[in-house]
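Knowing the structure of chain G, use the given hints to seat chain F on it.
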Amino acid sequence: MQQPNKLKPFFENLNFERKDNTMVINFGPQHPSAHGQLRLVLELQGEQVVKAYPDIGYLHRGVEKMAENMIYNEFLPTTDRLDYIASTSNNYAFALAVERLLGIEDKVPRRAKVIRTMLLEINRIISHLFFLATHALDVGAMSIFLYAFREREFAMDLMEDYCGARLTHSAVRIGGVPLDLPPGWIESLSNFLNKLPEQIKLYEDLLTENRIWKMRLEDVGVVSKEMAYEWGCTGPMLRGSGIAYDVRKEEPYELYGELDFDIPVTDRCDSYGRYRLYMEEMKESIKILRQLISMYPKTEPKLMAHAPQYISAPKEEIMTQNYALMQHFVLVTQGMRPPKGTVYAPTESPKGELGFFIRSEGEPYAYRLKVRAPSFFHTGLLQDLLVGCYIADVVTIIGSTNIVFGEVDR
Amino acid sequence: MRRYTPKDNVQKKAKYTDRFWVAPQVPREAVEEGSFFEEVVDELKSNSIELLDYYVELGQLVLHINPQDNVKTLKTLKEKKCFKMCSELSAIDYLAQDGEFEIFYQLLNLDKAQRARVLTRIKEDEAIESVVNVYKMANFAEREMYDMFGIYVNNHPYLKRIIMPDDWVGHPLRKTYPLQGDEHAQWYEVDKIFGKEYRDIIGPENRDPARVDRYDTQRFARVGHEVPFGADPELVDKTDTPIESRYSKTFLTDYTTGSKELSERK
Chain G
1 MQQPNKLKPF FENLNFERKD NTMVINFGPQ HPSAHGQLRL VLELQGEQVV KAYPDIGYLH
61 RGVEKMAENM IYNEFLPTTD RLDYIASTSN NYAFALAVER LLGIEDKVPR RAKVIRTMLL
121 EINRIISHLF FLATHALDVG AMSIFLYAFR EREFAMDLME DYCGARLTHS AVRIGGVPLD
181 LPPGWIESLS NFLNKLPEQI KLYEDLLTEN RIWKMRLEDV GVVSKEMAYE WGCTGPMLRG
241 SGIAYDVRKE EPYELYGELD FDIPVTDRCD SYGRYRLYME EMKESIKILR QLISMYPKTE
301 PKLMAHAPQY ISAPKEEIMT QNYALMQHFV LVTQGMRPPK GTVYAPTESP KGELGFFIRS
361 EGEPYAYRLK VRAPSFFHTG LLQDLLVGCY IADVVTIIGS TNIVFGEVDR
Chain F
1001 MRRYTPKDNV QKKAKYTDRF WVAPQVPREA VEEGSFFEEV VDELKSNSIE LLDYYVELGQ
1061 LVLHINPQDN VKTLKTLKEK KCFKMCSELS AIDYLAQDGE FEIFYQLLNL DKAQRARVLT
1121 RIKEDEAIES VVNVYKMANF AEREMYDMFG IYVNNHPYLK RIIMPDDWVG HPLRKTYPLQ
1181 GDEHAQWYEV DKIFGKEYRD IIGPENRDPA RVDRYDTQRF ARVGHEVPFG ADPELVDKTD
1241 TPIESRYSKT FLTDYTTGSK ELSERK
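The listed protein sequences correspond, in order, to chains G and F. The first sequence begins at 1 in the numbering used here and counts up one residue at a time. The second sequence begins at 1001 in the numbering used here and counts up one residue at a time.
It should be emphasised that the hints constitute simulated quantities derived from the structure, not laboratory data. Among the clues, some could well be false.
Said to hold, decoys possible - Within a straight-line C-alpha distance of at most 27 Å, the following computed DSS-like cross-link-like pairs (lysine-lysine) qualify:
{"id": "1", "chain 1": "F", "residue 1": "Lys1075", "chain 2": "F", "residue 2": "Lys1015"}
{"id": "2", "chain 1": "G", "residue 1": "Lys65", "chain 2": "F", "residue 2": "Lys1160"}
{"id": "3", "chain 1": "G", "residue 1": "Lys65", "chain 2": "G", "residue 2": "Lys51"}
{"id": "4", "chain 1": "F", "residue 1": "Lys1007", "chain 2": "G", "residue 2": "Lys225"}
{"id": "5", "chain 1": "G", "residue 1": "Lys340", "chain 2": "F", "residue 2": "Lys1160"}
{"id": "6", "chain 1": "G", "residue 1": "Lys107", "chain 2": "G", "residue 2": "Lys283"}
{"id": "7", "chain 1": "G", "residue 1": "Lys340", "chain 2": "F", "residue 2": "Lys1015"}
{"id": "8", "chain 1": "G", "residue 1": "Lys340", "chain 2": "F", "residue 2": "Lys1123"}
{"id": "9", "chain 1": "G", "residue 1": "Lys249", "chain 2": "F", "residue 2": "Lys1112"}
{"id": "10", "chain 1": "F", "residue 1": "Lys1075", "chain 2": "F", "residue 2": "Lys1012"}
{"id": "11", "chain 1": "F", "residue 1": "Lys1175", "chain 2": "G", "residue 2": "Lys65"}
{"id": "12", "chain 1": "G", "residue 1": "Lys113", "chain 2": "G", "residue 2": "Lys225"}
{"id": "13", "chain 1": "G", "residue 1": "Lys113", "chain 2": "G", "residue 2": "Lys51"}
{"id": "14", "chain 1": "F", "residue 1": "Lys1160", "chain 2": "F", "residue 2": "Lys1015"}
{"id": "15", "chain 1": "G", "residue 1": "Lys113", "chain 2": "G", "residue 2": "Lys214"}
{"id": "16", "chain 1": "G", "residue 1": "Lys225", "chain 2": "F", "residue 2": "Lys1084"}
{"id": "17", "chain 1": "G", "residue 1": "Lys315", "chain 2": "F", "residue 2": "Lys1112"}
{"id": "18", "chain 1": "G", "residue 1": "Lys225", "chain 2": "F", "residue 2": "Lys1112"}
{"id": "19", "chain 1": "F", "residue 1": "Lys1112", "chain 2": "G", "residue 2": "Lys65"}
{"id": "20", "chain 1": "G", "residue 1": "Lys249", "chain 2": "G", "residue 2": "Lys287"}
{"id": "21", "chain 1": "G", "residue 1": "Lys65", "chain 2": "F", "residue 2": "Lys1013"}
{"id": "22", "chain 1": "F", "residue 1": "Lys1007", "chain 2": "F", "residue 2": "Lys1112"}
{"id": "23", "chain 1": "F", "residue 1": "Lys1072", "chain 2": "G", "residue 2": "Lys225"}
{"id": "24", "chain 1": "F", "residue 1": "Lys1072", "chain 2": "F", "residue 2": "Lys1007"}
{"id": "25", "chain 1": "F", "residue 1": "Lys1012", "chain 2": "F", "residue 2": "Lys1045"}
{"id": "26", "chain 1": "G", "residue 1": "Lys65", "chain 2": "F", "residue 2": "Lys1015"}
{"id": "27", "chain 1": "F", "residue 1": "Lys1080", "chain 2": "G", "residue 2": "Lys65"}
{"id": "28", "chain 1": "G", "residue 1": "Lys340", "chain 2": "F", "residue 2": "Lys1007"}
{"id": "29", "chain 1": "F", "residue 1": "Lys1160", "chain 2": "G", "residue 2": "Lys51"}
{"id": "30", "chain 1": "G", "residue 1": "Lys225", "chain 2": "G", "residue 2": "Lys214"}
{"id": "31", "chain 1": "G", "residue 1": "Lys225", "chain 2": "F", "residue 2": "Lys1080"}
{"id": "32", "chain 1": "G", "residue 1": "Lys225", "chain 2": "F", "residue 2": "Lys1075"}
{"id": "33", "chain 1": "F", "residue 1": "Lys1012", "chain 2": "F", "residue 2": "Lys1112"}
{"id": "34", "chain 1": "F", "residue 1": "Lys1007", "chain 2": "F", "residue 2": "Lys1123"}
{"id": "35", "chain 1": "F", "residue 1": "Lys1072", "chain 2": "F", "residue 2": "Lys1084"}
{"id": "36", "chain 1": "F", "residue 1": "Lys1045", "chain 2": "F", "residue 2": "Lys1084"}
{"id": "37", "chain 1": "G", "residue 1": "Lys195", "chain 2": "G", "residue 2": "Lys302"}
{"id": "38", "chain 1": "G", "residue 1": "Lys283", "chain 2": "G", "residue 2": "Lys51"}
{"id": "39", "chain 1": "G", "residue 1": "Lys249", "chain 2": "F", "residue 2": "Lys1045"}
{"id": "40", "chain 1": "F", "residue 1": "Lys1084", "chain 2": "G", "residue 2": "Lys249"}
Here the structure is a predicted model, which is why all the values come from computation and not from measurement.
Okay, chain G solo, but in the shape it has when bound (with noise of 0.2 Å):
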């Protein structure tokens, strides 16, 4: 580091000591675009970016190692501090790995699947909201927040109806999910879905074919198909280079096999393509949702798998019967053993792939666990993506891969 004395003043974000024409600055890791906690090292020719270093690992919380020293219904919890932004995909995403490990993926009831898979997209909305407002704010469009962010409310609030929760939701279980729907909440449900696609339209009116917003999306952050194959790019960060994969529809879980939807891909390979991408996804969504509400009274009211080896009982039978609190209560205390062996359940949470990787050992607690974030490996990519583009570019090329450093830093 440059040492500050009188002749050379020391200036935090700059470095002047290179011998060649570059400057270095510092970006993040608190600039308010970095979207949480992103520290670019930039390298500058002018205003063109020749070198960058993504620097990442201010929000690490060791969350992996957490996962290796509790039991599995404990650690569920904790998954929802990966992806804050949409916590039940995490949540869904970790069941799913026990629960094919276990070998019970089947026997979750109907009614806790099209429960699970409301959840999902609903939290993909809520995402893509969020999406949608901080990177027109990043952009400059700052009434596009305020609009996002009122429907993400609307969303939020059935979340909230649902589970008490409006960020950590814990909305899922291992075998199922913990509570039915309350009253009402499939009216308001669909209300909501009403009202969204006017409001969608609304967003599009405003960015779509707006001028400015063209100019700073169009041809800025071009991810080439190579790209996105070699720096293991997912979601809509694949499927805006071209490459027609979504997880929900080549690997189906939960209802996602049943269901009527389309994935929405384009060739344009930049943020404008990938905007289009998070717009269309919603209003497929939105198509989901709907289906999923005639599903759902066709389904007995029973929301847990019944597998009494790893997954208590309901609440009435355990305070009934004598061997289901037994059973429960060695559940509780001790923690499921899963049987030895490796599991990689991949999901299409909003962001891309996210799977969990357990080494079960045979014990209560996981062996080894890894978190496969999207954002991760969507930070990695920066490196490649931002070299060639011009300074104000980077903050839109960040905005656009749509990282959540909950995630990246684990």
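Leaving out everything else, chain F in the frame of chain G:
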């Protein structure tokens, strides 16, 4: 007698395990004939890559290889069998049991929507060859592996800690890494500089940079309860009544009925 806790693996253990308990195994199926996975296995074999073991576990192909074949295997899988994406790459600590790390590469074939996992084991003092030239995503992932496990990766373009600070000691995801802080550390410097007998006089060393000490009259400002700089700490408790503030006070004026002139307001 103090209970013996092994230091080589400090992970939490089950408090009680039935002595007749045998953990079941997730079913491992043989690779089906004529399936895509069999083509993959044949392709690897024809490229003279030694497969130590291979099977299908929960719908994903698992391949055990020798560590020196990792780049060759991944290259073959990527170029010949269209595993264009590597989803994840990391390690598992088996040092206490076998003195080895298990490294896994989680691959994805997007055309057929099939996943494969390549597993390899290295000794503690061995290094693994980098796969950055095959999948660029390994750049970050291998750095994380180095950071978390201390596994050295050969020919990595920029092998440096990524999540922990650069000057961090130890690798957090190793099973030997302590789960709690060292409570004796607060006495290390006191004992070394002054001697154990001074513990009562000096007290434990504070290593929490965010700690606020209300008896510290030099570094912490108590607005409204100020004492002179460096004053006797005992004074702190005596000055319960707020000392008249030397700073400007906030005063409220009635905007609607009051005058708009600032000087008049004062």
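Open item on the list: For a C-alpha distance cap of 27 Å, please report whether F/Lys1084 and G/Lys249 respect it.
Closed with: This hinted pair holds, its Cα atoms lying about 18 Å apart.
Task: Distance restraint between G/Lys225 and F/Lys1112, which requires alpha-carbon spacing of 27 Å or less - done: 18 Å, holds
Task: G/Lys195 paired with G/Lys302 [C-alpha distance capped at 27 Å] - done: Status violated; Cα separation ~31 Å.
TODO: Mind checking the alpha carbons of G/Lys113 and G/Lys214 for me, to see if they're no more than 27 Å apart?
DONE: 40 Å, violated
Open item on the list: Hinted pair, alpha-carbon criterion (27 Å max): G/Lys225, F/Lys1075. Please report holds or violated.
Closed with: It holds: about 18 Å lies between the C-alpha atoms, which stays within 27 Å.
Open item on the list: Please verify whether F/Lys1007 and G/Lys225 have alpha carbons no more than 27 Å apart.
Closed with: Since the Cα atoms of F/Lys1007 and G/Lys225 sit roughly 48 Å apart, the hinted pair is violated (cutoff 27 Å).
Open item on the list: Hinted pair, alpha-carbon criterion (27 Å max): F/Lys1112, G/Lys65. Please report holds or violated.
Closed with: Roughly 34 Å separates the two Cα atoms, so the pair is violated.
Open item on the list: So if I understand the rule, the pair passes when the alpha-carbon distance is 27 Å or less; does F/Lys1080 with G/Lys65 pass?
Closed with: Not satisfied, since the Cα-Cα distance of roughly 37 Å exceeds 27 Å.
- [ ] Decide if the proposed pair is consistent with the structure: F/Lys1072 and G/Lys225, CA atoms, cutoff 27 Å inclusive.
- [x] The given pair, whose Cα atoms are some 23 Å apart, holds under the 27 Å limit.
Open item on the list: Hint check: F/Lys1072 vs F/Lys1007, CA-CA at most 27 Å. Holds or violated?
Closed with: Judged against 27 Å, a Cα distance of about 37 Å means the pair is violated.
Open item on the list: So if I understand the rule, the pair passes when the alpha-carbon distance is 27 Å or less; does G/Lys225 with G/Lys214 pass?
Closed with: 22 Å, holds
TODO: Would you mind confirming whether the straight-line C-alpha gap from F/Lys1007 to F/Lys1123 stays at or under 27 Å?
DONE: 19 Å, holds
When the structure is compared with the earlier hints, violations turn up for hints 1, 3, 4, 5, 6, 10, 12, 13, 14, 15, 17, 19, 22, 24, 25, 27, 33, 37, 38, 39 and for no others.
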